[in-house]
Structures are given as C-alpha cells and as structure tokens.
Amino acid sequence: MTTKVLTMDAMTIPDADAVIARAKRGDPVALEQLYRAYSPPVYNLARRICRTTEDAEDVLQETFFEVCRSIRNYRGDGSLWGWIRTVASSKALMRLRRNKYRDTDELVDDIAPAKPASHLLRMDLESALERLGDTARAVVWLHDVEGFTHEEIGSQMGKTASFSKSQLARAHSRLRGWLGEGALS
Amino acid sequence: MTDSKLHLPMAELLALRDGDRSEPAFAAAAHHLDRCTACRDELDALHQRTARLRALGGVAPSSDQLVRFQDHLNLRQIRRRRIISLVGMAAAAMLVLGVVGRNLMVPSTLDAEQRIASAISDSQQLEQTLRNWAPDSRVMDGRTALVVIEIEDRIAAVDARLQAVARLQRKERLDHEVSLWQERVGLMNALVDVHLTKANNVDL
Numbered sequence: 001m002t003t004k005v006l007t008m009d010a011m012t013i014p015d016a017d018a019v020i021a022r023a024k025r026g027d028p029v030a031l032e033q034l035y036r037a038y039s040p041p042v043y044n045l046a047r048r049i050c051r052t053t054e055d056a057e058d059v060l061q062e063t064f065f066e067v068c069r070s071i072r073n074y075r076g077d078g079s080l081w082g083w084i085r086t087v088a089s090s091k092a093l094m095r096l097r098r099n100k101y102r103d104t105d106e107l108v109d110d111i112a113p114a115k116p117a118s119h120l121l122r123m124d125l126e127s128a129l130e131r132l133g134d135t136a137r138a139v140v141w142l143h144d145v146e147g148f149t150h151e152e153i154g155s156q157m158g159k160t161a162s163f164s165k166s167q168l169a170r171a172h173s174r175l176r177g178w179l180g181e182g183a184l185s
Numbered sequence: 001m002t003d004s005k006l007h008l009p010m011a012e013l014l015a016l017r018d019g020d021r022s023e024p025a026f027a028a029a030a031h032h033l034d035r036c037t038a039c040r041d042e043l044d045a046l047h048q049r050t051a052r053l054r055a056l057g058g059v060a061p062s063s064d065q066l067v068r069f070q071d072h073l074n075l076r077q078i079r080r081r082r083i084i085s086l087v088g089m090a091a092a093a094m095l096v097l098g099v100v101g102r103n104l105m106v107p108s109t110l111d112a113e114q115r116i117a118s119a120i121s122d123s124q125q126l127e128q129t130l131r132n133w134a135p136d137s138r139v140m141d142g143r144t145a146l147v148v149i150e151i152e153d154r155i156a157a158v159d160a161r162l163q164a165v166a167r168l169q170r171k172e173r174l175d176h177e178v179s180l181w182q183e184r185v186g187l188m189n190a191l192v193d194v195h196l197t198k199a200n201n202v203d204l
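Residue numbers (our numbering), protein chains in the order written: chain A, 1 to 185; chain B, 1 to 204.
It should be emphasised that the hints constitute simulated quantities derived from the structure, not laboratory data. Be careful, since some hints might not be right.
Unchecked claim - Sample of chain B residues facing chain A (criterion: CB under 8 Å; computed from the structure):
no., residue
1, L56
2, H72
3, M140
4, G142
What the hints assert, rightly or not - Label-pair ranges, simulated between beta-carbon atoms:
no., chain 1, residue 1, chain 2, residue 2, range
5, A, E66, B, R143, 17 to 25 Å
6, B, H31, A, T160, 42 to 50 Å
7, A, G76, B, F26, 33 to 41 Å
Ideal Cβ positions, reconstructed from N, Cα and C, are used throughout, including at glycine.
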C-alpha cells in the first residue's frame, strides 16, 4: 500500500488519503489538518480579491465551513487544492457581489478612477493591483496567478468567457500604463 | 490585427501569451509578432509582469482565525453528539414501546437526571466556545446585534424559569428542568451561530 502525500506549494499533508477519509467522516482533527495546510493559500486568494482584511477573514471561514459541510462530496477526481480553491474563489466573488450590491456599484466597468497619467509617477505592482477595480483585480488574480480558465471565471461571475477576457485585457493595459512598462509606451 | 504598421492590442498579446488559439486573430497576431520588434518586447514585458504577479508575497491569516475555526469544529461536535444522543433515545423509546408497552414510556427520574446533566454539559461547552470567541472584542452590524440581544433575553428568561421551578417538588421539577435545559442549549447554539457566522437569520 502506498501513502500519498498531498502537495500544495510548501504545504504538505502526509498520508493525505487517510486524512481526507477521516475528514469525510467529520473527524475534527482531520478537518483542522486541512485548515492548517490550506488556510494560507485560501487567505491569500481571498485577500487579493477582497478589499479588506475583514472580508478576507470571513471568506476564509466561509470556505472552511463549506469544506466541513461538503467534503463528503469531494470524489478525488481533481486535486483537493483545486476543489478548495474553487470553493474559496466562489466565496470571495460572492462577497464582492454582496459588497457591490450594498454599495450600489457597477459590476462591468469598475476600474478605479484613474488619476492623470504621469511617467514620473510609477507605481509598484502591489499598488497598481490594488488600484484596479474589484472585478478586474479578481480576474487578473484568478486567471494569471491561480490558473483558472476564462470559462471558469466567467461562470463563477455569472458572465461569459469573453467578459473575463476583456476584463483581463483592460486590466493589463491599465497595469502596463501605471507601471510605465512596455515597448510601446 | 493584421496591419504590420500597427501594433498588437492587449487582447491579442494575451492570446499569444496563453497560446489561446480560439482567439480569431491568433494566427495573424503570431505572424505580426515575427516581424515586429516592438510587439515582441511588449509580449516580453507582459510575460515579466505575469511572473512578478505570481511572485508577489503571500499574506497569512492571523492565529485568531484558527481559533475561530476550532470553535466551529467544537460546535459541530456538540451538535453531532446531540443528534446521536437523540437518535439513541428515540431508538430506545421505540424498543420500550414495542417490548414492554405504553406504561413504561414515562421517563424515570434517573432518565430525567441524565438528560439534565447532558444538557448542562452541552450548555457549558457552548458557553466556553463563546468565551473563546470573545464577542465583546468584535464588531458586528446592527441587525446581528439585535438578534444577539433577542437570544440573550430569551436565555435570561429560561434562566429565570429554571430558578422558579427549583421550588417545585422533585418529580415535577425534573420534568420542567429537562425541557428548560434543552431549550437553553438550543438558544446557546443559536447564539454561538450568530457570533461565529454573523448570521442574522438563525432559526429560533
């Protein structure tokens, strides 16, 4: 009998099959093991998509509450991290939608108001990413960093793949300008 | 984008970066790239920006979040035990009904004392969970706060009734205490739910 080790970047869970099997039976120790292994990447994803620490923390909790409720439905077809990541992105996007609804904001064209362009004021990438609107930032992060396809992102946002593609193109054009990058500047 | 005098728009640069051949202009864009140094540099810059995005430092959750999750797990355990206990009691009751007859369905004093002890234990664990969560140090919205106040008022009312029934005769007192302690556990469950999930539509 072989022992599988689940790997997610630096996070590993020795004897992953047994941990998942125990988590499916509701074993709190196994569920806590999953939390300890996957909470950093889940929180990172949530923090990149949500505006505030509080929202990211709520998304983290909601994600793992959902993991507790639904892990028995995880069939092991894909990676566990892939499954948890989809739950997390769904919760984060739901949080964005809720905040937008509350703020009566517009979903489609939500890039933050641009200040007058200046080649003298170059931002670092972190600040430029923060400056993007919620939807554009989420698309950049989910596609370019987390590796979701445009179809998956469109579906999670209740939109089309084309919507995700155009958001990504516009976001990169903005980032390029703000960062003062590109041969065509 | 097919005119070599113009440059590739970002959507086509992204399609080239991702090898997305579903983009209608993919072949033309690739052809343009062979002949345009500026667009090749632009694509390089896009690759570099993507690599820098992936290399951005991670942010870790605070240890408070682990405590919050552990509280949730404790709550789940308490609920599972209650369900198992209720199922066990129901099964036992069915057995008694089937084998001995209806007269023995009246719970004995010993049963009542066990059920009270179990409910008190559950109630204490839920109070401990709530203390760990330290709700006073956390911000909550107005609607959630109103639900919390309503539940706390109802718990206070149950506590007052528990004090009142303490003066009754033993048999009568035990019957009342069973239902009151079970009601208190239900309300404590709802209170913990509201604090941990910030839910304001708990089923009371």
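Hint-by-hint comparison with the structure:
1. Hint on L56 of chain B holds. Least Cβ distance to chain A is approximately 6 Å, under the 8 Å limit.
2. Hint status for H72 of chain B: holds, given a least beta-carbon distance of 6 Å to chain A, under 8 Å.
3. Among the interface hints, the one on M140 of chain B is violated; its C-beta lies about 11 Å from the nearest C-beta in chain A, farther than the 8 Å criterion.
4. A cut of 8 Å between beta carbons decides the hint on G142 of chain B: the least distance to chain A is about 14 Å, and the hint is violated.
5. A C-beta distance of roughly 23 Å is found between E66 of chain A and R143 of chain B, which places it inside the suggested range of 17 to 25 Å.
6. Restraint check, H31 of chain B to T160 of chain A: a C-beta distance of roughly 28 Å breaks the suggested window 42 to 50 Å.
7. With their beta carbons about 35 Å apart, G76 of chain A and F26 of chain B fall inside the hinted range of 33 to 41 Å.
Hint violations for this structure: numbers 3, 4 and 6, all remaining hints satisfied.
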